[in-house]
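A.B. asks: What follows is the residue order along each chain.
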Amino acid sequence: MKQVILGAGLITAMLGSIVQAETVFVTLEKDNALAVIDPIAGKLLKTVEIGQRPRGLTLSPDNKYLYVATSDDNTVKIIDTETYEEVGRLPSGEDPETFALNPAGDRLYVSNEDDNLVTVIDIPNKKEIAQIKVGVEPEGIAVSPDNQWVISASETTNMIHWIDTKTNAIVENTLVDPRPRAASFTADSTQLWATSEIAGTLMILDVKTRQIIKKIRLDIQGVSADKIQPVGVVIDNERRWGYVAIGPANRVAVINAQTFEIEKFLLVGQRVWNLAFSPDQKRLYTTNGRSNDISIIDLENHKVTKSVAVGRFPWGVVSKP
Amino acid sequence: MDRLLRIMAGFFLLFLIQKSFAAETQIIKIAYITQEQKIPAALSNLDAFVQHKGMTGAEMAIAENNITGQFTGQKFELRKIIVPVAADIVQVFNQQLSDDTVFIISNLPAEQLKQLTDLDSARISISEKLFFDATTIDDSLRNEQCAKNTLHMLPSRAMRADALAQYMMKKRWNKWFLVTGMTEADQHYSMAIKRAAKRFGIKIVEEKQWTHTYDARRTAQSDVPVFTQGIDYDVLVLADEQGLFGEYFDYRTWIPRPVIGTQGLVPTSWHRAHEQWGAVQIQNRFKVQAGRWMEEEDYGAYLAVRSIGEAAVRTQSNQMQTIKNYLLGDEFALQGYKGNPLSFRSWNGQLRQPVLLAAARSLVAVAPIEGFLHPKTELDTLGFDQSESTCMKTSTDNNLIPPVTTVEENTSEGGSKFQKLKQLIINKFQSFEWK
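Chains as they are written, first to last, in numbering that gives the first Met the number 0: chain A, 0 to 320; chain B, 0 to 434.
This is chain B alone, in the form it adopts within the complex (with noise of 0.2 angstroms):
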């Protein structure tokens, strides 16, 4: 009954506030920011390097707002800002995002992306900032070098280890040969698969570098079956982010056994060979747009303009902190296409999500794997959760819990759904005065 007069009571003021602004229409800025790429070493010619991925993700999604929007009395505007390869992100971001646009979308690596939400411009400024993370998988900027001001979208690569460990666990795969390769991104991904194998009592029969030279066009054939002998394990797993030597191991290992990890089986966020709960529109919507398959940027960039869209439709407000309370909170569900309603963890803003396992044509698995339990959802069997966070502890002034969390902890239920109701009204208001 309570929870009735609670809903009852929030669209009574949804109500109010829709008649009171029917005639003006509320402005959301979004801006898009992401840096121009040399094109990297690839192994083969067979897929394109594509610049700008993300970019389409975000566009759709501001379509999609907007359609919305139209009904709500509300715009979405999305601005993009490409900064030239040999820029200094930092100037390019005091110079044109000094203004009232503070929902930004970053399509950057972890080392730019945390120059900018450390900024005193982006943190303390008037018009404080929040960050979307649309592209990065890193780990530490979930822990010790967390923001308060940032939201990752894309899974961790702890998430991503831990869902491979969560299947071969099902498979009874439990012996990995690990091979790593010598860029650093690729020594963080091998750290969150031993990581999985702990935490899932799998155990690491062996570990090796790939060190032969990255033409393994010659290679491929002499060297990996003499590089994979006399070990006995059950899957290989590769670390090789870029992909420079990972797709040369299967049908070459000295035994028959299956590749996982960045090539063979990976897990993501999003492949093309992901077609349930809706995804089939999803796909063809963007190939129509973008004239190729989504990619995990594009799924990203996506989810965030469409985080800010939901949360500002259900909030009737564009001010940051209205908005970030809602994301974090308990009445926040994004439908990703993935069947699970998503939200964010609110110990280190990263968005919670199942996990695809895919082959290249195929999606064999969706993590989490049923039968891997947890007291709060089974999506938080993936990555970092609560107690094992650094997020908290290290940092400060990393407090990502709205303030109206708190507050319930110390209240009787009754009591802490008023107050919830209370801090609803107050940002209301808060957006009134603002406008």
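Next comes chain A alone, as it looks inside the complex (with noise of 0.2 angstroms):
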């Protein structure tokens, strides 16, 4: 009986760790839908309809809820991960589109490209508790690991504005090359990397000294210099490899986070905008918004090994274990 029951038991843990497969979640920009994905099996198990326009997306720190930016519905919505129904609304600001988790997982910073502002909203109180002006058209956001910074960078402004998380107030502000786009920390917030979308290079900047020690250009032989225009950038949390997705060129740059070489582009999909890692980072996964799909790369072998078909305009990405 005893043995039954050991045996009933072992069986249920192994139930347990199949249902607990990964999920890969991607907002189709134009299907105003959210795509849920077996990245294992490579199959599309689901879409699910949002609302306007979605286009970022975040996990919440115990991966129970999904943040979306509906753009055209003007707010952030909050997504049960489990049944996929909306539990609530974020008082975005206008148009939402890119936003920034911090790490405790209580304050939402959004870019609101239109108006030339960063958002901050109180997650547990559903209230706005901050406006910041930035530059024009802030986009890519991003907050420091180790929560001290939130930085906004302004396309038209071409700065990288460091915004300290205890007075939401600019402390200083960083000329980078044109068109600033995505930013991302390195895991132990001593980097910060950002792409720029008209120089076509990607900028390291000291996060101590706030100033770029390393500019790459993402130069690829045989495509032409104006469809090199990174978005996307990604670091793993060993900081062995970057990853900067490289837009119309559709490729992904694969990069020496130690030396700052470039050691080689993956062809992905048409148009690669945004990236995420899988949780245990041994995938990586580009949303192709040209092509409809999103692109599996196997990170021990830098090799694409997958493409799945999503929906229309797959925009932001994320993965949950």
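Worth flagging that the hints you see were computed from the coordinates, not collected in a lab. Incorrect hints may have been included.
Listed below are the simulated DSS-like cross-link pairs for lysine-lysine, each with C-alpha atoms no more than 30 angstroms apart in a straight line [claimed, not checked]:
hint, chain 1, residue 1, chain 2, residue 2
1, A, Lys-214, B, Lys-375
2, A, Lys-165, A, Lys-226
3, B, Lys-147, B, Lys-169
4, B, Lys-113, B, Lys-147
5, B, Lys-79, A, Lys-132
6, A, Lys-213, B, Lys-170
7, A, Lys-226, B, Lys-375
8, A, Lys-226, B, Lys-113
9, A, Lys-126, A, Lys-165
10, B, Lys-28, A, Lys-263
11, B, Lys-170, A, Lys-226
12, A, Lys-29, B, Lys-375
13, B, Lys-286, A, Lys-132
14, A, Lys-263, A, Lys-302
15, B, Lys-207, B, Lys-197
16, A, Lys-226, B, Lys-207
17, A, Lys-207, B, Lys-169
18, B, Lys-170, A, Lys-132
19, A, Lys-132, B, Lys-74
20, A, Lys-281, A, Lys-302
Some chain B residues near chain A, calculated using beta-carbon distances under 7 angstroms [stated by the list, open to error]:
hint, residue
21, Ala-40
22, Asn-65
23, Ile-66
24, Gln-334
25, Asn-339
26, Pro-340
Ideal Cβ placement from N, Cα and C applies to all residues, glycine included.
Could you use the hints to bring the two separately framed chains together as a complex?
C.D. replies: Printed below as a string of structure tokens:
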């Protein structure tokens, strides 16, 4: 009898681990929907109606909720990651596109591109607590893992604005290459990696001095310079590799994060825009806006293993364990 | 490594300057000059006449410059001067702009602009001016009549014609039937079309001048078919800048052929159908502010004021020479919502840029068309390239290239960088003294 119970327990445990397989969520800008994907099987599981023109999305630290900017609804929706039901809305300001969550998961920083503002939202109280004036067309936004900095990149002012999370005030502004798009901190919060769409560069900034310490031109042989428009950028936790999505060049650059050398370019779908790691950082997912699919990259071999058709204009991507 | 050092040194310099001037605001004075226009004859009442096209573009750019300026301790001021229809432009200029305003945005026809740029009071006074021609597309202003104190924001007729030719080459529609209107501007457009045809190996199989009555509502149905009868061609190219007859060619030609040029598929710097590369955002911003779509004149004025903003922020200066050197130097890269970064051609002050090829409701292509190559930048496949330019040859004092570049030619790689940095430092200190 005891053995039977033990056996049953074992089976439940196994079942449990199967149920907890990884799920990838992708916003579909033109389908007004969220795609739910099983990345191991490489299958689209489900498409859920979510609101007008969904773009930026992120997961709460406990993985229970998804925050999705539904730009044409002028709100950030809170979605239950099990039921896909809307459980609340956040006052994001007009036309939210990109945002960043602090590590504790109680503050959301939203770029309001048309109003040249960053809106700070208190998530538990669903209240706007501050608006910070930044440069023209703020887009890329990130919170440092040590929760000291929020950075906002303004595309027309060409600056990275360094906002102190304690005071919600700008401490410094760094002039960068034209039309900065996306930015990510390294896991140790010592570097900020930012892309310039117009100059076709990746810029590495030292967080301590807030100055550029390295610029990498992402030239690809046989691809004309105007197609080199880097957007999304991510760096792995050990800072071994960084990855940059190069938009209409249809490639992801693999960059050695220690030497800043370009290791290689991986051919993915068309107009690759945003990137997300799997929770174990063994895979990278890319949203390919024009080919309506996501590419799955095996990071051990740096090889594209699969592409999964997901719907029209995939925009943002996150992965939940 | 050298480059890294240079960048770091540059930033250090910026940092120093920013620190020392943190307290006081630097003022950058810009004037926008235009003349009232008589309402011209028009083919239809579909598009209302807009007085002061261009002004909203300048206003929007000033607001954007000032948002950036809050972070750099700079304030951009825009003074608008609207000259009445009958008034003398030179007199107004001398009366109102003999002060320390050095950056002049011009929304004036070529002849008037030329009058101003040639004035002694604009060239050799203590407040030497830098003109930003926001609206002309005149080729001679960029060639034999060029002035060293003028930068041109919109693509010239030659650039537009080359853009058309490149796309037609791609389509292999290379037998053209050219129809030219009666005005002087039409003749200029026609010349640019012929130049482009020659450059890209396109054959102009027939050339005719439209001399019929302009009340084409009566004549279009009967005149256009007869006018185009008996000619074998791939596309019909129109040179009718004012829009007096061109619209009546499409669907009325004897044989079914597309219409391009000033009507039909048009080469332009800006178009309401353009929405790539962030263009949607500026289109929306503009519409909210002006209550209408952004036009080329607005785009030109916007880019002019943004150029000054970009140069002033990067150099932390409000001095004419420093700004001009920066604008004509290698570092300058302006975001113009057309993919490529925009910069100035040092030989004639023309802003390098992609040219849109647009139909009424859709963007058909963006030139330079893929496959047209250039050793320096594909953008220079459009218009007069350095070797073709007559700007340097005919005018004696037309040294548009900033002195830094001249130094660079005679020194080794490392030396030139040093020179550049030195020049940068000199410029900074000059701006200190003159404040």
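A.B. asks: Next, verify each hint and record whether it holds.
C.D. replies: Here's how the hints hold up against the structure:
{"no.": "1", "hint": "A/Lys-214 to B/Lys-375", "verdict": "holds (21 angstroms)"}
{"no.": "2", "hint": "A/Lys-165 to A/Lys-226", "verdict": "violated (40 angstroms)"}
{"no.": "3", "hint": "B/Lys-147 to B/Lys-169", "verdict": "violated (36 angstroms)"}
{"no.": "4", "hint": "B/Lys-113 to B/Lys-147", "verdict": "holds (11 angstroms)"}
{"no.": "5", "hint": "B/Lys-79 to A/Lys-132", "verdict": "holds (28 angstroms)"}
{"no.": "6", "hint": "A/Lys-213 to B/Lys-170", "verdict": "violated (43 angstroms)"}
{"no.": "7", "hint": "A/Lys-226 to B/Lys-375", "verdict": "holds (16 angstroms)"}
{"no.": "8", "hint": "A/Lys-226 to B/Lys-113", "verdict": "violated (38 angstroms)"}
{"no.": "9", "hint": "A/Lys-126 to A/Lys-165", "verdict": "holds (17 angstroms)"}
{"no.": "10", "hint": "B/Lys-28 to A/Lys-263", "verdict": "violated (48 angstroms)"}
{"no.": "11", "hint": "B/Lys-170 to A/Lys-226", "verdict": "holds (22 angstroms)"}
{"no.": "12", "hint": "A/Lys-29 to B/Lys-375", "verdict": "violated (39 angstroms)"}
{"no.": "13", "hint": "B/Lys-286 to A/Lys-132", "verdict": "holds (22 angstroms)"}
{"no.": "14", "hint": "A/Lys-263 to A/Lys-302", "verdict": "holds (10 angstroms)"}
{"no.": "15", "hint": "B/Lys-207 to B/Lys-197", "verdict": "holds (18 angstroms)"}
{"no.": "16", "hint": "A/Lys-226 to B/Lys-207", "verdict": "violated (41 angstroms)"}
{"no.": "17", "hint": "A/Lys-207 to B/Lys-169", "verdict": "violated (52 angstroms)"}
{"no.": "18", "hint": "B/Lys-170 to A/Lys-132", "verdict": "violated (48 angstroms)"}
{"no.": "19", "hint": "A/Lys-132 to B/Lys-74", "verdict": "holds (16 angstroms)"}
{"no.": "20", "hint": "A/Lys-281 to A/Lys-302", "verdict": "holds (11 angstroms)"}
{"no.": "21", "hint": "Ala-40", "verdict": "violated (38 angstroms)"}
{"no.": "22", "hint": "Asn-65", "verdict": "violated (10 angstroms)"}
{"no.": "23", "hint": "Ile-66", "verdict": "holds (5 angstroms)"}
{"no.": "24", "hint": "Gln-334", "verdict": "holds (5 angstroms)"}
{"no.": "25", "hint": "Asn-339", "verdict": "holds (5 angstroms)"}
{"no.": "26", "hint": "Pro-340", "verdict": "holds (5 angstroms)"}
Hint compliance for this structure: hints 2, 3, 6, 8, 10, 12, 16, 17, 18, 21, 22 are broken, all remaining hints hold.
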